[in-house]
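Just so we're aligned: the sequence shown equals residues 1 to 302 in the UniProt record's numbering.
Treat the hints as calculated values from the structure; they're not laboratory data.
Please read these numbers as outputs of a predicted model, since none were measured by experiment.
You may find that some hints are simply not true.
Stated by the list, open to error - Straight-line alpha carbon distances no greater than 30 Å define the calculated DSS-like cross-link-like pairs of lysine-lysine that follow: (1) 125 <-> 70; (2) 119 <-> 70; (3) 68 <-> 125; (4) 122 <-> 70; (5) 122 <-> 68; (6) 171 <-> 70; (7) 76 <-> 119; (8) 171 <-> 76; (9) 122 <-> 171; (10) 171 <-> 68; (11) 119 <-> 164.
To be verified - Quick list of the computed label-pair ranges, beta carbon to beta carbon: (12) 51 <-> 180: 24 to 34 Å; (13) 196 <-> 46: 31 to 41 Å; (14) 88 <-> 153: 42 to 52 Å; (15) 54 <-> 153: 18 to 28 Å; (16) 77 <-> 139: 31 to 41 Å; (17) 93 <-> 57: 13 to 23 Å; (18) 189 <-> 127: 12 to 22 Å; (19) 165 <-> 139: 33 to 43 Å; (20) 189 <-> 57: 25 to 35 Å; (21) 126 <-> 99: 33 to 43 Å; (22) 51 <-> 88: 31 to 41 Å; (23) 126 <-> 56: 24 to 34 Å; (24) 129 <-> 70: 31 to 41 Å.
Just so you know, even glycine gets a beta-carbon here, dropped at the ideal spot from N, CA and C.
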Amino acid sequence: MRNSSSRIPGFVLTSAFRTELIVMATDVSLIFIVAFFLAVSTTSTALNITEVLGQYPEYGTFNDLLTKTKLAEQIKNRQTITVLTLDNDSISSIANRSIDQLKKILMNHIILDYFDTLKIQKLGKKSAILTTLYQTTGMAMEQQGFLNITRIGPGDVVFGSGVKGAPLVSKLLGSVTAQPFNLSVLHVSTPIVAPGFGDPVLAPPPPPASKPAPAPKKAGATAPSEVEEGDYDGEAPESAPSPAPADAPLADAPTKGKSPPSPEDADEEEAEAPAPSASSRVVDSSIAVVAVMCLVVSLVAF
1 MRNSSSRIPG FVLTSAFRTE LIVMATDVSL IFIVAFFLAV STTSTALNIT EVLGQYPEYG
61 TFNDLLTKTK LAEQIKNRQT ITVLTLDNDS ISSIANRSID QLKKILMNHI ILDYFDTLKI
121 QKLGKKSAIL TTLYQTTGMA MEQQGFLNIT RIGPGDVVFG SGVKGAPLVS KLLGSVTAQP
181 FNLSVLHVST PIVAPGFGDP VLAPPPPPAS KPAPAPKKAG ATAPSEVEEG DYDGEAPESA
241 PSPAPADAPL ADAPTKGKSP PSPEDADEEE AEAPAPSASS RVVDSSIAVV AVMCLVVSLV
301 AF
């Protein structure tokens, strides 16, 4: 009968011990496999804000300042972050400040929670206080490490320092990108400078309201009050000629712009005059007969 144990010089390997070794080797392999996947998972979820913002040239200055102040490295160590980014024109107002001031200001643009536009609109309250990366430094005084977010209307959201009395200067303009529920990048209008971090940056004033255009005048004859001096020459304006009297003969009405009648026209008018009536011809004949009879009587008497 074959012995169930295996002989190794100086060591006896039983079947039970061999099974235990196999189990132990399997456990060790599982540990290495789990550790490998954890390492891969941690690497894949690292928040590389520099790489994310590198896809948007309009935020290039903000991205460079995150690298310059070494805040990009701190963001990588976070699992959940919301970054309030500024475009190149907006951040130019603080780009020339000292590294210490820039770091403090930009840390207040990094919220230690996930907020996208949808979550902001679902805030139960109109205002909320958010914790920023500056609060983790232990140097924040009063509420310097917090932000105030306020909804002032549907789709209208503003940010400001959490310090009491600080103005809400930065308006939410939209979402740049979102990786739920790890990274959200929101576009804001104005740098948020907490009291004690340097000169504040105020929100630009709203553009002046344009004056309404005057109502067009109705087309029509010019009013007498609008006629300038020197334009009136004793005649009614051509735009409003004076009517002729109702009882005046139509031929007597002056016709503006026509020349006077020529002599030939006058002769034609005389030739066209109407002949005497029959009654006037009888009267003339009676006078002639009386004259002849008077002449005859005078001759007989003589």
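Right, here's what the structure says about each hint:
1. 125 <-> 70: 34 Å, violated
2. 119 <-> 70: Holds: residue 119 and residue 70 sit about 29 Å apart, inside 30 Å.
3. 68 <-> 125: The given pair, whose Cα atoms are some 36 Å apart, is violated under the 30 Å limit.
4. 122 <-> 70: Cα-Cα ~33 Å, so violated.
5. 122 <-> 68: 35 Å, violated
6. 171 <-> 70: 26 Å, holds
7. 76 <-> 119: 23 Å, holds
8. 171 <-> 76: At roughly 26 Å apart (the allowed maximum being 30 Å), residue 76 and residue 171 satisfy the hint.
9. 122 <-> 171: 17 Å, holds
10. 171 <-> 68: 25 Å, holds
11. 119 <-> 164: This hinted pair holds, its Cα atoms lying about 25 Å apart.
12. 51 <-> 180: 24 to 34 Å: The hint (24 to 34 Å, Cβ to Cβ) is violated, given that residue 51 and residue 180 are roughly 18 Å apart.
13. 196 <-> 46: 31 to 41 Å: 32 Å, holds
14. 88 <-> 153: 42 to 52 Å: At roughly 28 Å between Cβ atoms, residue 153 and residue 88 fall outside 42 to 52 Å, so the hint is violated.
15. 54 <-> 153: 18 to 28 Å: 34 Å, violated
16. 77 <-> 139: 31 to 41 Å: Given about 19 Å between the Cβ atoms, the range is violated.
17. 93 <-> 57: 13 to 23 Å: 19 Å, holds
18. 189 <-> 127: 12 to 22 Å: 18 Å, holds
19. 165 <-> 139: 33 to 43 Å: For residue 165 and residue 139 the Cβ distance comes to about 21 Å; the hint is violated.
20. 189 <-> 57: 25 to 35 Å: Check failed, 19 Å falls outside 25 to 35 Å.
21. 126 <-> 99: 33 to 43 Å: 36 Å, holds
22. 51 <-> 88: 31 to 41 Å: Given about 18 Å between the Cβ atoms, the range is violated.
23. 126 <-> 56: 24 to 34 Å: About 30 Å separates the Cβ atoms of residue 126 and residue 56, which means 24 to 34 Å holds.
24. 129 <-> 70: 31 to 41 Å: For residue 129 and residue 70 the Cβ distance comes to about 27 Å; the hint is violated.
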